[in-house]
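The lines below spell out each chain.
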Amino acid sequence: MSSRKKTLLKVIILGDSGVGKTSLMQQFVNSKFSHQYKATIGADFLTKEITIDNGKQVTLQIWDTAGQERFQSLGVAFYRGADCCVLCYDVTNEKSLNNLASWKDEFLIQSNASNPADFPFIIIGNKIDVDESKKIPSLQKKLNNITNNQLGGLNYPVFETSAKDAINVEPAFEVVAKMALQQEELNDAGNDVNDDYNDAINIHLESEGSGCAC
Amino acid sequence: MEPENRESSSDSPSHDNEVEISKENTKSSPVSKVLLPEGKKRNPSYVGDPTTAVDMGNVSTMSMASNNVSPKMNVIPAQKRNIPRSIRSDQDSDVASEFQLSHSQNGDDDIVNNESSNVEENVEENDGDDADEDDEEDLHNILNDLIRHEPQALYTTASQSLAAQNVAPTSSNASTILDYNIFPYNESDSELSENSLISKYISVSKNDSNSVFHSKYKQVFVLSSAGKPIYSLNGSDGVIMGYMGLITTIVSTFEETKDHEEIKSITYDDCKIVIMNRSPLILVAITKIGYEKMQLRKAADVEADIDDQSILSRQLDTLYNYLLSMISKPMITKNFHNRMNYDLRKILTPLDFQNLDSIVMKITYGISIKEPISTEDTRNTAPDIGFGVFASELLDSALECVKLTNTTRTKLNSILLSSKKVKIPKPAEDGPSAYQTITDSIPFLKASAASDINGPTSPSATGSYGDDLLFAILLDANCKIMSAMKPKHHNLKNEDLKILLTLISNQQHLTRHTKSEEGILDLWIPICMPHFNCNGFLYAFVKTIFVKPEDLRKTSSPGIPTTIVLLSSSKNSFFHMQEVSKQIEFRINQKMPSFTSTLYQELSTTTISIFRDIHVPQIKHFIYKSRSSNQFVSSDIEEFSRGNGTTTMNILKLVYFYSTLHNTRATPIRNTDSSSSSGGSTGNGASNGNLLPAKSASESNGSSSNSTSTGRNKKLTYIKNFGRNGENIICFMLCSDKYEFYCLCDDRTITTQFLINHSLKIIKWCEKNRKRLFIDAGAVF
Ligand SMILES: Nc1nc2c(ncn2[C@@H]2O[C@H](COP(=O)(O)OP(=O)(O)O)[C@@H](O)[C@H]2O)c(=O)[nH]1
Ligand SMILES: [Mg+2]
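Chains as they are written, first to last, in the numbering used here: chain A, 654 to 867; chain B, 3 to 783.
Hints listed in this document are in silico derivations from the structure and should not be mistaken for laboratory results. Values in this document were obtained by computation on a predicted structure and should not be read as measured data. Be aware that one or more of the hints could be misleading.
[As the list claims (entries may be wrong)] Below, simulated SDA-like cross-link-like pairs (lysine to any residue); rule was C-alpha separation at most 25 Å, straight line: (1) Lys-659(A) with His-339(B); (2) Lys-348(B) with Leu-792(A); (3) Lys-701(A) with Lys-336(B); (4) Lys-659(A) with Ile-799(A); (5) Lys-659(A) with Asn-574(B); (6) Lys-208(B) with Thr-704(A); (7) Lys-348(B) with Asn-751(A); (8) Lys-659(A) with Phe-355(B); (9) Lys-348(B) with Thr-704(A); (10) Lys-659(A) with Asp-524(B); (11) Lys-208(B) with Ile-703(A); (12) Lys-336(B) with Val-828(A).
[Claimed, not checked] Far from chain B, by Cβ distances over 10 Å, these chain A residues were calculated: (13) Phe-686; (14) Asp-736; (15) Asn-751; (16) Ala-819; (17) Glu-837.
From the three backbone atoms N, C-alpha and C, an ideal C-beta is built for every residue, glycine too.
Work out the full structure: start from the sequences and follow the hints.
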């Protein structure tokens with residue numbers, strides 16, 4: 654059929670302002686890092702093509718938001734039809750870790766995802782390059798609490814990254830791509846596409862009026 | 003098609019919400035403010051677009067990110083950025099500024115035309131009808147009056163175009179893309195050749211470079227409501243991706259406002275942007291071309307003169323229709339159901355993308371030109387002429403028919419009828435063995451459909467091959483209609499047919515420029531005809547045959563290509579349709595040798611010649627549209643371009659002249675005989691818009707045409723264009739409730755009297771020859 658076998662996946666990045674979402678995206682797409690702090694206003698959109706290990710080519714369409722805008726300016730268009738959602742926190746900022754659950758909830762409400770339980774999320778803890786002393790005390794324990802919490806726990810793959818030193822950024826996005834693609838294929842399997850062109854029209858040549866039933 | 007039926011494709015209010023984003027504000031802060039166009043549109047042709055105030059406060063939070071790949075709106079040439087806002091309304095009237103009224107040239111009227119004697123000799127069609135002569139004199143007086151005393155009814159003169167003329171080099175005499183300011187003028191381009199200009203600004207390019215993308219005059223996007231790109235005329239995914247996010251955000255911001263207002267049109271600096279929301283799809287067109295920024299005017303609305311749609315939104319309708327034809331509404335709905343993340347590109351084929359390119363190019367420029375993808379790839383880059391596609395789009399989906407004698411057309415109709423009725427011989431022993439190989443190489447055939455065709459269904463003893471045949475159409479080499487057949491109770495809308503014809507013509511263009519024998523293949527295309535039945539598919543069998551009379555058989559001449567199109571309601575009827583096509587071919591080529599040679603002769607001269615057929619050499623090109631049948635004819639393009647520039651250049655000019663002529667407000671003519679009742683325009687509405695109007699309608703039209711052959715409720719438009727090299731083109735339109743007539747004349751000394759005289763002469767010729775020029779009800783079974 655189509656020669657355009659590249660699947661396009663919409664990925665959105667959420668998290669508190671300042672955790673390094675824009676930096677992660679810049680590092681992943683353009684292999685750049687800048688210390689200059691510039692709050693993203695509204696949204697940025699970048700794309701990158703990657704090949705995942707089974708040779709499949711995918712295009713990631715990454716939508717970056719600004720945490721402080723708190724959705725109002727973005728609206729449903731931002732969340733609608735996402736294939737994967739990346740939840741980010743800053744390993745030096747405990748509040749950003751505690752906010753992950755509310756980012757996830759907000760996403761599920763706004764995106765109106767059809768089966769929220771199966772929706773692919775991943776968690777990224779960024780800025781692991783910083784001095785150990787600055788990191789959240791007993792981070793691992795707190796993180797476990799959040800991901801294994803019985804009540805709506807965030808039981809998703811976790812990646813610790815540094816956008817600054819390009820640590821673990823690519824692997825994280827590869828997992829994003831794989832998870833999204835898996836979900837996509839599940840959806841496709843659910844939709845029977847075999848009779849796509851089978852809706853022939855029943856024409857009654859003798860009857861009045863056109864064949865239009867719309 | 004008639005305007006009354008338009009609501010089927012558009013469920014939105016008929017006026018664009020125009021929003022203007024001031025560029026100063028976007029520059030100084032990331033906040034784009036929305037201003038209502040103020041002091042807007044003094045130009046009469048733009049008056050009357052009700053402007054809805056829209057709060058775009060939320061949109062303003064979109065950033066113009068600094069990254070290369072991110073959305074940027076800086077599609078404005080740098081030197082134009084300093085244009086103070088106060089003259090913005092002049093920019094709006096860019097188009098207008100190129101026209102100059104000829105009232106300053108009234109001297110023309112007194113110049114005795116040397117060629118007039120030639121013209122007077124050809125009066126064989128002037129049957130001395132008193133009414134017509136009155137008509138002519140009336141029209142002449144009105145036109146003169148208009149030119150002398152009512153310049154404000156036409157375009158006012160702006161000094162801009164003259165300034166541009168002075169800047170432009172006048173060294174070469176060749177006609178160029180810069181003539182008449184058809185396109186935005188950029189001083190740095192003056193050194194560029196025609197080819198470089200075209201490839202820089204016009205040619206389709208999927209290049210990965212931002213600057214290549216931004217220099218194009220035209221952009222078209224189709225995307226999903228989630229912001230996933232589906233189609234873009236220019237640019238790679240990387241180049242366009244930022245815009246996808248931007249567009250979805252703007253659209254949904256409007257959706258979320260309290261009134262669920264739909265955004266429709268934005269004017270941003272030199273761009274006009276039109277957005278059409280057909281959830282789950284969004285279609286967007288952006289243009290920098292002056293003639294495309296005009297509102298559509300329907301000559302049809304004699305009294306009201308309503309601007310109900312912009313040119314760009316009509317174009318988006320056409321594209322949406324194409325998508326519906328290829329994949330159908332139910333399939334779109336089904337695929338997006340419960341998953342807004344669906345990537346529609348998965349079910350579109352490379353050919354669909356080529357067809358979309360070609361349709362956009364033809365309805366924009368009348369010609370499709372592509373940049374080669376690689377240096378070896380010269381395959382599909384030959385310009386594909388599609389002036390007919392453009393004209394049909396302009397003229398409300400009117401169809402173009404082949405000029406044939408009534409006898410020949412009637413004969414073709416009866417061939418279609420008798421071929422449908424051919425009985426299946428009793429022991430039907432078809433060998434479906436070769437079948438799979440055929441379908442494998444049919445480019446149109448979707449795989450899923452192919453696997454479902456398992457050869458002929460077991461024929462019932464009494465069946466005919468054509469039992470499932472619904473519509474049959476014969477096309478000439480240029481995809482104009484020669485003859486057609488339809489069931490009694492069903493009609494095909496022109497909008498649907500237009501898509502099918504474009505599809506076939508693109509296919510033929512592609513095969514014509516490839517060496518393989520593909521052109522001979524029979525095609526089997528599942529196609530949804532959204533205006534006929536939006537819920538299912540018909541199956542189009544397409545075969546090209548060559549009309550070749552006996553005396554030519556021994557020669558190497560291939561004959562004249564003719565295309566048979568058979569629309570079937572059954573997906574299993576491929577072999578039966580193939581059989582019907584063989585019957586048609588046999589009857590055309592073999593059964594009656596004398597008919598074959600007649601047809602061959604007639605097909606050799608299907609173009610309408612101003613010199614040969616009508617003898618009005620001062621008119622360089624014309625289009626005549628019969629409103630009752632919604633069909634049009636136009637004269638030979640070669641005669642317009644003869645000896646003056648390339649075909650491409652001349653098509654670009656024709657597109658420009660006819661767009662402005664059609665979309666300029668026309669001057670109504672108040673009839674002295676008080677018959678200007680407004681009812682006239684809707685009288686023919688009932689039968690409009692279908693390929694084959696009911697017989698009664700066309701008959702009643704025929705008889706009424708004897709009383710006043712040129713119809714009532716006339717309107718006219720007269721525009722004089724000044725080219726760079728002192729060349730002038732006069733555009734003239736005359737329409738009534740029966741016809742629309744558009745013509746171009748390059749003789750600057752032509753008097754208004756001759757212009758009217760010649761126009762009426764062509765109109766009468768068309769009326770008189772309507773059976774040769776248009777198809778009536780066709781064959782009906
Ligand atoms: N040390 C360090 N700083 C980072 C890292 N990623 C981002 N930053 C810094 O954190 C600040 C906020 O980053 P930004 O990407 O704008 O965050 P956003 O608001 O989530 O988009 C900037 O000053 C970045 O330079 C990282 O991996 N390591
Ligand atoms: Mg940011």
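Structure-based check of each hint:
For the hint pairing Lys-659(A) with His-339(B), the CA-to-CA distance comes to about 22 Å; that is within 25 Å, so the pair holds. At roughly 43 Å between alpha-carbon atoms, Lys-348(B) and Leu-792(A) are farther apart than 25 Å, so this suggested pair is violated. A hinted pair counts as satisfied when its Cα atoms are at most 25 Å apart, and Lys-701(A) with Lys-336(B) does not qualify at roughly 29 Å. About 35 Å separates the Cα atoms of Lys-659(A) and Ile-799(A), which puts this hinted pair outside 25 Å; it is violated.
Only pairs whose Cα atoms come within 25 Å are accepted, and Lys-659(A) paired with Asn-574(B) is rejected, the gap being roughly 33 Å. About 22 Å separates the Cα atoms of Lys-208(B) and Thr-704(A), which keeps this hinted pair within 25 Å; it holds. As the CA atoms of Lys-348(B) and Asn-751(A) are separated by approximately 39 Å, the hinted pair breaks the 25 Å bound. At roughly 15 Å between alpha-carbon atoms, Lys-659(A) and Phe-355(B) fall within 25 Å of each other, so this suggested pair holds.
For the proposed pair Lys-348(B) and Thr-704(A), the alpha carbon gap of about 18 Å is at most 25 Å, so the pair holds. With a C-alpha separation of about 31 Å, the suggested pair Lys-659(A) and Asp-524(B) falls outside the 25 Å cut-off, and the hint is violated. Distance restraint check for Lys-208(B) and Ile-703(A): the Cα-Cα separation of roughly 20 Å lies within the 25 Å cut-off, and the hinted pair is therefore satisfied. Under the criterion of a C-alpha separation no larger than 25 Å, the hint pairing Lys-336(B) with Val-828(A) is inconsistent with the structure, at around 29 Å.
Non-interface status of Phe-686(A) relative to chain B is upheld: no Cβ of that chain comes within 10 Å, the nearest being about 13 Å off. Against chain B, the non-interface label of Asp-736(A) is violated: not every CB pair exceeds 10 Å, the least being about 5 Å. With a cut of 10 Å on Cβ distances, Asn-751(A) stays outside the contact zone with chain B, its closest approach being about 26 Å. Remark: the non-interface label on Ala-819(A) is consistent with the geometry, its nearest Cβ contact in chain B lying 18 Å away (cut-off 10 Å).
Its closest Cβ contact with chain B, about 7 Å, brings Glu-837(A) to no more than 10 Å, contrary to its assignment away from the interface.
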